[in-house]
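Novice: Chains A and B, in that order, are what the protein sequence lines are. Take the first sequence: its position 268, counting from 1, is numbered 350 in this note's numbering, and each next residue is one higher. Take the second sequence: its position 246, counting from 1, is numbered 248 in this note's numbering, and each next residue is one higher.
If you are wondering where the hints come from, they were derived from the structure by calculation, not from laboratory data. It is possible that part of the hints are untrue.
[To be verified] With a straight-line cut-off of 25 Å between C-alpha atoms, the simulated DSS-like cross-links for lysine-lysine are:
| # | chain 1 | residue 1 | chain 2 | residue 2 |
| --- | --- | --- | --- | --- |
| 1 | A | K364 | B | K179 |
| 2 | A | K316 | B | K177 |
| 3 | B | K96 | B | K155 |
| 4 | B | K118 | B | K96 |
| 5 | A | K364 | B | K177 |
| 6 | B | K199 | B | K118 |
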Amino acid sequence: MTKHRPRGDLNRWHTLRLRTLVVFILLCLDTGILQAQPSGFIEIASGIYLRPGIQQNFSSHNRGHIANIGFIVGQQAVAVIDTGSSYQEGLALRRAIREITALPIEYVILTHMHPDHTLGAAAFDQDTPVYIGHAQLKDALIRRQTYYLDRLEEVLGSTAEGTRLALPSAGLEIDQEVKLELCDRILELQAYPTAHTNNDLSVYDRNSGTLWLSDLLFVERTPVVDGSLLGWLKVIDYLDQREAIPVVPGHGPVVNEWKEALADQRRYLEALLSGIRKIVRKNGTIEQAIERVGQEEKDNWLLFDEYHGRNVTASFVELEWE
Amino acid sequence: MTTVSNLKHNKVVRKVVQISLLTFFLCTLMITTLSAAETDGRWHEIKTSLFGDRAIQNGEDVIGLETPYRALDAAVVPISIESKITQTQDNYIKSLYLVIDNNPSPIAAIFHFPGKHNWQSLSTRVRVNAYTDLRVIAEISDGNIYMVNNYVKASGGCSAPSLKDPAAAAAHLGKIKLKLPMESSLGNLLSTQLLIKHPNSSGLQFDQISRQFIPANFIRTIQVTFNDEVVFTADSDIPSIHFGFKPEEEGVLKVEVKDSTGRTFNHSVDLPNQEKG
């Protein structure tokens with residue numbers, strides 16, 4: 083189209099090209115391409131990349147991009163930590179890794195069973211990585227797979243296409259610690275007793291001091307009890323003794339002052355505990371508990387109405403056995 | 003309908019596009035209608051298997067059913083059933099069927115009552131896999147059958163209709179608890195809750211990779227007796243039942259639970275109110 087440009091327009095054309103170039107550079111700076119950061123990702127510590135999740139419920143608008151997911155680059159290999167909600171999201175994560183490094187993706191670490199963390203994993207099958215999770219992760223995924231995949235298709239429609247389960251090939255027993263060596267950097271993986279779920283795992287990067295707690299810590303967003311309320315409170319006691327900076331939660335911003343966030347989470351869970359215990363003692367019902375328990379926490383958390391009633395229900399069933 | 007040479011003409015191309023679109027819409031319409039029919043079909047199948055061609059009447063005056071608008075936790079959906087008739091020795095609810103159309107195992111429970119214990123309410127907890135009709139069907143001692151049903155929306159988020167900690171449940175396998183009011187006296191209706199710990203694995207969960215099923219291990223029947231007379235039996239794996247029960251004399255309230263692997267678990271309390279192993 084511009085092959086036979088009249089001569090008079092040449093100057094304007096050059097100016098236009100220059101402008102385009104400037105805009106392009108600015109865009110690059112803005113999206114971080116010149117700093118080798120794929121769009122949507124931030125480098126939270128040297129070699130640790132995070133795609134922050136949107137603080138919303140799973141929907142077709144956010145295409146399921148609700149969890150914090152990311153990867154760690156070592157001298158000789160890459161470890162992925164959580165994979166997003168769908169095969170498509172897993173592929174996008176893989177493309178982001180390839181924008182930064184051509185190193186082999188040797189490990190895909192799944193911090194727990196929930197679909198927003200695990201359902202993108204199959205996108206890494208082509209790398210034949212070791213899929214690592216808690217020893218109970220495999221069983222938990224098998225029990226829920228049909229349900230998770232059906233619901234994904236229901237909510238995401240065609241965006242869910244291609245999504246399938248990738249089951250962990252290696253599992254950590256409860257309280258077991260395993261070290262993954264990415265040559266220069268060592269990742270310490272730890273499996274926990276039942277807390278947020280019955281298959282929670284954390285990743286600690288010795289080099290940077292970063293502790294990736296995933297859904298063991300919710301920041302700003304209503305914590306979800308899908309394992310054991312009592313168990314989670316015990317794990318919080320344990321985590322409170324640990325030193326690390328920064329901490330990556332499963333949902334919400336990366337925090338340096340993470341003990342405060344942990345204390346907020348503890349306060350919410352303790353409100354559930356004391357409120358439900360009172361009702362259980364009086365032979366009350368789940369419906370009564372949903373109505374009354376923990377309402378004072380309503381303004382402290384995002385998505386409270388979506389998750390609180392469910393937390394009360396799940397915790398009630400646990401506490402009525404005390 | 004159209005030949006290849008015709009396709010060169012724009013008008014015809016447009017026509018073809020129109021026809022394709024129309025066909026597409028018609029197909030979509032048919033698919034929608036089909037899936038509605040499919041759901042009805044599911045209930046029709048269940049109904050035939052349970053009641054053959056016997057007539058089922060509207061049960062609004064016989065049974066009350068309370069369900070949440072949306073399942074908050076897919077694994078624990080509380081429901082309450084009320085008997086709207088005064089049950090007597092001659093006119094009582096003989097059987098009560100709890101059906102959840104779109105669950106993998108749609109018949110959630112079948113209760114049988116001997117008609118000796120008048121009851122007004124019964125509540126329990128069920129799993130709800132998908133958007134579904136939830137039905138309660140009462141068979142009266144005179145042979146009439148009545149039904150009420152509610153629509154329940156599936157839960158949002160990451161909630162799944164699975165046990166949260168199967169290992170913990172297995173560790174306390176067969177533990178039974180009977181919760182009675184603090185003060186219970188003879189001749190009064192006691193609101194009683196029965197709780198059972200069991201992993202309740204349906205045997206339907208399949209591991210695509212090892213090509214194995216998680217083995218079936220679930221509760222088959224629950225029987226509650228008072229002084230060896232049946233209060234009710236339930237063919238179900240539901241882990242909690244709230245029921246009203248009126249003891250006229252001192253005695254032993256006993257629970258016997260049988261599971262799919264052939265195990266039996268027992269528990270009993272003395273009334274009024276001394277719990278024992």
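Novice: Give a verdict on every hint.
Specialist: Hint-by-hint comparison with the structure:
Taking the CA atoms of A:K364 and B:K179, the gap is about 15 Å. The hint holds against a cut of 25 Å. For a cut-off of 25 Å, the pair hint linking A:K316 to B:K177 stands: about 24 Å separates their Cα positions. For a cut-off of 25 Å, the pair hint linking B:K96 to B:K155 is broken: about 30 Å separates their Cα positions. Between B:K118 and B:K96 the CA atoms are separated by roughly 10 Å; this keeps the pair inside 25 Å, and the hint holds.
Restraint check for A:K364 and B:K177: the C-alpha separation of about 21 Å stays at or below 25 Å, so the hint holds. The straight-line distance between the Cα atoms of B:K199 and B:K118 is roughly 28 Å, outside the 25 Å bound, and the hint therefore fails.
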